[in-house]
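K.L.:
Given the coordinates of chain A, work out where chain B should sit on it, guided by the hints.
2 protein chains.
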Amino acid sequence: MKVLVIGGDGYCGWATALYLSNKGHDVGILDNLSRRDWDSQLGVNTLTPIAPIQKRIERWKDLTGKNIDLFVGDITDYSFLSQALRQFEPGAIVHFGEQRSAPYSMIDREHAVFTQVNNVVGTLNILYAMKEDFPECHLVKLGTMGEYGTPNIDIEEGYITIEHNGRTDTLPYPKQPGSFYHLSKVHDSHNIHFACKIWGLRATDLNQGVVYGVLTDETGMDELLINRLDYDGVFGTALNRFCIQAAIGHPLTVYGKGGQTRAFLDIRDTIRCIEIAIENPAYAGKFRVFNQFTELFSVGDLALMVKKAGNSLGLNVEIDHLENPRVELEEHYFNAKNTNLLDLGLQPHKLSDSLLDSLMNFATKYKGRVDKEQILPKVSWRRK
Amino acid sequence: MKVLVIGGDGYCGWATALYLSNKGHDVGILDNLSRRDWDSQLGVNTLTPIAPIQKRIERWKDLTGKNIDLFVGDITDYSFLSQALRQFEPGAIVHFGEQRSAPYSMIDREHAVFTQVNNVVGTLNILYAMKEDFPECHLVKLGTMGEYGTPNIDIEEGYITIEHNGRTDTLPYPKQPGSFYHLSKVHDSHNIHFACKIWGLRATDLNQGVVYGVLTDETGMDELLINRLDYDGVFGTALNRFCIQAAIGHPLTVYGKGGQTRAFLDIRDTIRCIEIAIENPAYAGKFRVFNQFTELFSVGDLALMVKKAGNSLGLNVEIDHLENPRVELEEHYFNAKNTNLLDLGLQPHKLSDSLLDSLMNFATKYKGRVDKEQILPKVSWRRK
Chain A
1 MKVLVIGGDG YCGWATALYL SNKGHDVGIL DNLSRRDWDS QLGVNTLTPI
51 APIQKRIERW KDLTGKNIDL FVGDITDYSF LSQALRQFEP GAIVHFGEQR
101 SAPYSMIDRE HAVFTQVNNV VGTLNILYAM KEDFPECHLV KLGTMGEYGT
151 PNIDIEEGYI TIEHNGRTDT LPYPKQPGSF YHLSKVHDSH NIHFACKIWG
201 LRATDLNQGV VYGVLTDETG MDELLINRLD YDGVFGTALN RFCIQAAIGH
251 PLTVYGKGGQ TRAFLDIRDT IRCIEIAIEN PAYAGKFRVF NQFTELFSVG
301 DLALMVKKAG NSLGLNVEID HLENPRVELE EHYFNAKNTN LLDLGLQPHK
351 LSDSLLDSLM NFATKYKGRV DKEQILPKVS WRRK
Chain B
1 MKVLVIGGDG YCGWATALYL SNKGHDVGIL DNLSRRDWDS QLGVNTLTPI
51 APIQKRIERW KDLTGKNIDL FVGDITDYSF LSQALRQFEP GAIVHFGEQR
101 SAPYSMIDRE HAVFTQVNNV VGTLNILYAM KEDFPECHLV KLGTMGEYGT
151 PNIDIEEGYI TIEHNGRTDT LPYPKQPGSF YHLSKVHDSH NIHFACKIWG
201 LRATDLNQGV VYGVLTDETG MDELLINRLD YDGVFGTALN RFCIQAAIGH
251 PLTVYGKGGQ TRAFLDIRDT IRCIEIAIEN PAYAGKFRVF NQFTELFSVG
301 DLALMVKKAG NSLGLNVEID HLENPRVELE EHYFNAKNTN LLDLGLQPHK
351 LSDSLLDSLM NFATKYKGRV DKEQILPKVS WRRK
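Taken in order, these protein sequences are the chains called A and B. Heads up, the first sequence is in the working numbering, so the first residue is 1 and it goes up one at a time. Heads up, the second sequence is in the working numbering, so the first residue is 1 and it goes up one at a time.
Chain A on its own, in the form it takes in the complex:
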C-alpha cells in the first residue's frame, strides 16, 4: 500500500517509515524537519547522532534497494500539503507530524499557542485534504494516553458506555489532559471524530503510551539509520533520562513521589501497531480508537528497574526525588484497557527484556555526548 508517514523524520515516524518500507509498502515521508529546529532553539540534542533525512533515505536505498519519497514542508501550509498528497496518492496516512512535548507546550504563552495551532490546524488540513481528494484514505493518527489523565475509574478505548438515570449511551471517554500539548491532542480527537461523522472519512486514533527504545531491525542496520534518544528536560522522557543518568553516574531524578503511573511500549511495538492499524482499516465514517501500550509502570518502578539494570552493568545508581515541576497527582488509580491491538495480533515486547539492549547499551555507548546541563527540568507548570 502507498503509506505517507507525516512526521517521518521524528523518533516514531522514522522507525515506522523504515519498518513499513521493509515490509513492502510504498512509503513516503512528509516532514517540515521542525524537530531538528526545536532542538537547535533549545540548545539540546539527541544522545545518538542523527544524520540529515536525505542521507538517511539514501543509505536506506543503498542497503535495501527500497525507495522512500521525501516531501519537505509544513502541513499547516494547505497548498503544500494538498499538492504532496496529489503527487503521492496515499492509501493510508500515518500522522505523527505534531509538536509532541508537554514541557515544550508549557514553556510560555507563545509555545502553548504554537503547539495548539500547529497541531490542530495541521490535522484540520489533513482532514480537509482527505475530504477533497482522498475520501477513502485511512488516517492513522497518533494520539496519546495522556489525553485521559488519571481518572478514578478504568480507562476504556476511546468510548465508554454510561448508564445514567435509567438510560444508556456509549459516548466519547471523558478527557482530562495535563498540558497544553495533551490538550491539543484532545482537540484533534474531537475534530477527527466529527470529520468522520459528517464526511464519511475513516480514521484510527492510536492513544499511545510513552515509547522507549532505540533499536528496531531497520534502524539497527547502519549507524546512519540510528534513531533518536532524547534525554533533555523538554523532549526526553523519564525512562530515557534515567538510563542516561545511570550511565554517567548522575542520580536518577524522580519528579515528586514517583507514584505517577503511565502506559509504556517498546518502539518495536509502536511500529507493529501502526502496521496492524493499516492492515485492518477503520470503516468509512468510523472514528476508531485503540489504546496503544503494553505495560503500566509508575515513575518509581522505572527508577528501580533502571537501578537494577545499571547494577548488572557494574554501575552504582542512586535515586533522588526532585520537586515536581508538573501539576499532577503523584499517587492515583490507573487502569487502562489495551485489548483492541492485542486482539488484532500485537505480541508485546517487555521493558524488562528491552532495557539493557535497546536503552542502557546506547546510553553507555554514547555517554560522551551527554550535556549534563540539559538533564534537570527547567519548565514549570505553576504560576510564579
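In short, the hints are calculated from the structure, not lab data. Be a bit skeptical, because a hint or two may be false.
When chains are identical, the list treats them as one kind, so a pair holds in a single copy or across two.
[Stated by the list, open to error] Simulated crosslink set (BS3-like; lysine-lysine; CA at most 25 Å straight-line):
| # | residue 1 | residue 2 |
| --- | --- | --- |
| 1 | Lys-131 | Lys-384 |
| 2 | Lys-23 | Lys-367 |
| 3 | Lys-2 | Lys-378 |
| 4 | Lys-365 | Lys-308 |
| 5 | Lys-350 | Lys-61 |
| 6 | Lys-286 | Lys-367 |
| 7 | Lys-197 | Lys-378 |
| 8 | Lys-55 | Lys-2 |
| 9 | Lys-197 | Lys-384 |
| 10 | Lys-384 | Lys-61 |
| 11 | Lys-55 | Lys-365 |
| 12 | Lys-286 | Lys-307 |
| 13 | Lys-350 | Lys-365 |
| 14 | Lys-350 | Lys-55 |
| 15 | Lys-365 | Lys-286 |
| 16 | Lys-257 | Lys-197 |
| 17 | Lys-131 | Lys-2 |
| 18 | Lys-286 | Lys-372 |
P.N.:
Showing chain B alone in chain A's frame:
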C-alpha cells in the same frame, strides 16, 4: 465591580454591557468589531439597523450619565489584550468575543481554521493575561449547549458522575459537538478547565442555549441602542428566521423533519445569568459549568408557535420542510439540566410571552429591510 465585556459590540455582549452598566457596574467593552466585518464579507445585515459602537456608547452616556470604556482591538493580539487589561483592571471578564456561527465555521477549510484558531487563541490569551496580571479575576466564558450534542442520556451541567466496573468518579461530561464552531467551544472548555487547575484561576463556563429576543430595558431606551436581529442563513437562528418569514409572507423553512430539540432562552435571561455569575464568583482553582437556558423546544415546535403568533397578528403562515444542510439527528432524546442558575435566583421569561413583543413586532416593524436572498441556507455540512 469593574467588568470587562469582551465582544461587547455583538448581540449578547451589547445587551449585557448596558444591563451591567445600568445596574451600577463599571463596564468596559473590548471588541474588534469583527461581527460587523463578517456581515460585510457575506453581504448580509441585521434586520434592525445598528449604530457604530462609539455612537451607541455616546448615546448611552447621554441617556443615563453612565460611562462605558471602549477598547477596539483583537484578543488574538496578546500585547493589545494585555495592555487593555492593565488599563481597565477588571474584577470580572465576560467573554463573548468569539466567532459564534456554526454555518460560518462550515463554509470551507479557511473558515473552519479561522474559527478554531480565533476562538482558541483568543481564550488562551485571556487565560495567560489573567495568570500574569489578574489571577483573582473571575472569567465568565460563554460556551454553548451545542457542546453536548444529543446524547441518549440526560445532560448534566459540565460534569457527570460515572460508576464503572465497581468504581466511581465525577468527570467532564462527554462532548459531541456538531460543527467546527461547536468544536472550538469544546476546545476552549478543556483549556480553561486546565488553566484553573494549574494556575488556580476561577472561571464559570456558561453553556448557553439559543438566545432569542431583541428587547431589553436598556436597548429599548432609544433606537440608537437597538440590538441585532440576524435572520440570514449563516448568522440567523431558526426562530429569528421564522419570525421574519412570517412577517413577509414567506413559508417557514424547517430543516429536515424538525424534531431537532434544542435549549432556548430570552436575551433578558442571558443578561441576568451573567449578572448572577458575576455576583457569585467561582472559587479559585474552580472551573464551574452552568447550563444557561430556560426551555427546550424542537424546531417543529418553534414553527408552530410562530405560525400561531403570526395568525394572531392576521398573518397567513405556511410551514415548509427543506433538505437539512446539517448532519444531525432529526429525532432524538434530549433532556438537559439547568438547575444551577435557577437555584441562584434566575426567574425565566417564557418564549410564549416574548414571541410577540420581542420578536414578531420587530420583524414586522423592520420587514422593509429584509433581503429575501439571505433567508435560505447556502452552507452544507456534507461532502459533495
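K.L.:
Take the hints in turn and mark each one as holding or not.
P.N.:
Structure-based check of all given hints:
1. Lys-131 x Lys-384: between (45 Å within a copy, 9 Å between copies)
2. Lys-23 x Lys-367: For Lys-23 and Lys-367, neither the intra-copy (33 Å) nor the inter-copy (68 Å) Cα distance is at most 25 Å.
3. Lys-2 x Lys-378: The answer is neither: 42 Å in one copy and 37 Å across copies each exceed 25 Å.
4. Lys-365 x Lys-308: within (18 Å within a copy, 83 Å between copies)
5. Lys-350 x Lys-61: neither (31 Å within a copy, 72 Å between copies)
6. Lys-286 x Lys-367: neither (46 Å within a copy, 46 Å between copies)
7. Lys-197 x Lys-378: between (42 Å within a copy, 20 Å between copies)
8. Lys-55 x Lys-2: within (22 Å within a copy, 61 Å between copies)
9. Lys-197 x Lys-384: Only across copies: Lys-197 and Lys-384 sit 14 Å apart there, 43 Å inside one copy, limit 25 Å.
10. Lys-384 x Lys-61: Neither. Shortest intra-copy (52 Å) and inter-copy (41 Å) distances fail the 25 Å Cα cut-off.
11. Lys-55 x Lys-365: within (23 Å within a copy, 73 Å between copies)
12. Lys-286 x Lys-307: neither (44 Å within a copy, 40 Å between copies)
13. Lys-350 x Lys-365: within (22 Å within a copy, 75 Å between copies)
14. Lys-350 x Lys-55: So Lys-350 and Lys-55 fail the 25 Å test inside a copy (32 Å) and across (71 Å) alike.
15. Lys-365 x Lys-286: neither (45 Å within a copy, 49 Å between copies)
16. Lys-257 x Lys-197: For Lys-257 and Lys-197, the Cα distance is within 25 Å only across copies (20 Å; inside one copy 43 Å).
17. Lys-131 x Lys-2: within (18 Å within a copy, 47 Å between copies)
18. Lys-286 x Lys-372: Neither. Shortest intra-copy (47 Å) and inter-copy (39 Å) distances fail the 25 Å Cα cut-off.
Hint compliance for this structure: hints 2, 3, 5, 6, 10, 12, 14, 15, 18 are not met, and every other hint is.
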